[in-house]
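Q: Just so you know, the sequences run in chain order A and B.
Numbering-wise (my numbering), the first sequence opens with residue 1 and increments by one.
Numbering-wise (my numbering), the second sequence opens with residue 1001 and increments by one.
FYI, nobody ran anything at the bench for these hints, they're computed from the structure.
Listed next, with one range per pair, are the computed distances between beta-carbon atoms: (1) 1083(B) - 73(A): 41 to 49 Å; (2) 209(A) - 1020(B): 55 to 63 Å; (3) 1004(B) - 109(A): 21 to 29 Å; (4) 1324(B) - 222(A): 40 to 48 Å.
Idealized CB from N, CA, C, for every residue including glycine.
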Amino acid sequence: MTEKCFDIGTIQAFLDGELSSDKMESVSRHVALCDDCAIALAAAEEESAFAFSALEQEFNTLVPTKRLWTKINNSIEKEKKTFWKPIFAFFSNPSVAAFASLLIVIGFFAAMLGLKTDVPTDLAVETVPSQKSVVSPIISKPNTALVETPVENNNPKFLLATNSGNDKPRNRAVKVDFIKSEGKSTRKIKPSMPIENGEQRATNENVLGEESYVKTIATLTETVNDGKDEVLKPAARFAFERDLAVTDDAIKKMSAEVKRNPKNVAAKQILRASYQNKIDLLNSVAEKTELMASLK
Amino acid sequence: MKEREKITSFIKTANVLFVVVFLCLSAITIFAQTETPPKPIVPPKPKNSKAGKVALNKGDTPAEKSIAVDSNVNISLCVSEGNLKINGWERNEIRAFVSSGSETGFKVLQKNKQSGKAVWVMVLGFDPAKNKETNLDECLSGEKIELDVPRGATVNVKGQASETTIESVGKVSVEIVGGDIFLSGIERGIDAKTYEGDVTVGKSGGAMTLLSTTGNIVAFNVAPSGIGDIFKAKTSSGAITLQSVEHRQMEINSNSGSMKFVGEFLSGGQYTFGTQNGSILLAIPQNSSCKINASYGRGAFNSALPLLNVVKNAASKTQSLSALMGSGDAALNLTTYSGSIRIKKSEGEK
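My request is simple: use the sequences and hints to build the entire structure.
A: Take a look at the structure:
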């Protein structure tokens, strides 16, 4: 052995493949002849292997890459591009803005000149649409079929309306949006609300404790949605979403059935079981998150 | 004259509209000039792990330690990696063995005042007597982790991803993130939970709660150790198979998995089986005595055993059935949304 031994830094660089090809060759040649360096190389290799195995979980943790974040930001921007975006972009051009300003001035003077023309005031009034032409928006769908809307207190409300398109006026019920009065303000409750939106959903009083089920589900959903991407692996996530969909479907159908027929004991039992299943399902993810956090 | 007035009126209306349109355009122009670019979302910084440093066993031989304890000692441990095997033995001592991984040691949390023996022990991933370093990982990690503990011991395990096997101990509580759990010869009760894996329990006693999220649950030859011990099994998308489960109170639940019960319904027992869209199969003796209450949605109910006083109610989307089997000593509640319910004679009976 004629060459001098390499230091640990060079050996580590050799292991990591960071040396130039000449240097790599000389190190490998030297290690083949020098027992001390071979031992040092083996030790470094072992340490690296252990460090990698210890940090494997950290390396494998799903952390959003820069590319992914760029994609997310792009998607958000795309979503933000509404109807007004291209118009805004068009007018952000200075020359267009200047031309538009010029047109505004001309238009303003033209309007002023026009307003100065002698016109009898009674004719001007006629241009305003008369009160008779204003139609109430509530009964604006003449061909809506008779649909019972889920409203509070299980009291479906219908409005009587006449079919304006028909010569023979006849009474019929039309679908209305339920308007709940809360003090001075009013808000509309959409009839077909998803079950997972527990806070907004009108609960069915026929099932004992349904409100607390719904509240619990809403709270758990919020908790789980924050961390399910980190906690669940793809296969588990798929199973979770599938089970959730199945449960939601059962809740939706059974809830409708109980509303339709409050004496249906079987539907009530299945609905309660479905609520409990959904709570257990969401709880399992929340508990897993908690366990993983406690082990970190 | 009237035509002239109409024209003048039209011009006036047009002018008003013209002004309104151009005022709108000017407003848009002003907004367009002052618009600020959307702020990009800053990715959250990765959370700093609270996990301590792993105390590696640098010796040539696996880490091995033992400690004298009370026969009914309570043992707590956490496993970050590796297959765990805990076995009950006749000695009143704990022996911990870890190969290719961390060190091991014990932390006595409580001692018996009379005997002076440890009654509550924590098995650690380092030896607190020798290693005084702070911020060391308390969890055990290694290729193979083995513990020998007194038969009467209560074992509490928390873990990341590991296969856990526990045999012949007093009581067990296991909660692991991923991995299968095998339990056998547990005398006084089981609480087992895995989020990705199967739970298998055999020849054990006491109250049992077996939970799995995506795995199957199998239990056989299990019985209560006292009156009122409940058997609970719940999985989200796995199957549940129960054979010779002698608990009088059972709550079995699955979301999308099926369940099979082979055994007897005991007098005075309460048995609840529920699935969302899995099937329920009960294989019971012909002389079984129970009162059945079944609620099912799109599924079907089928019994190969004779039923008495059958009352069926069918609504548009649900069906319910109540019936007696024998003298109706046990209560059997069956609920499924879209699965089927089937009762048949247990094998070997004609």
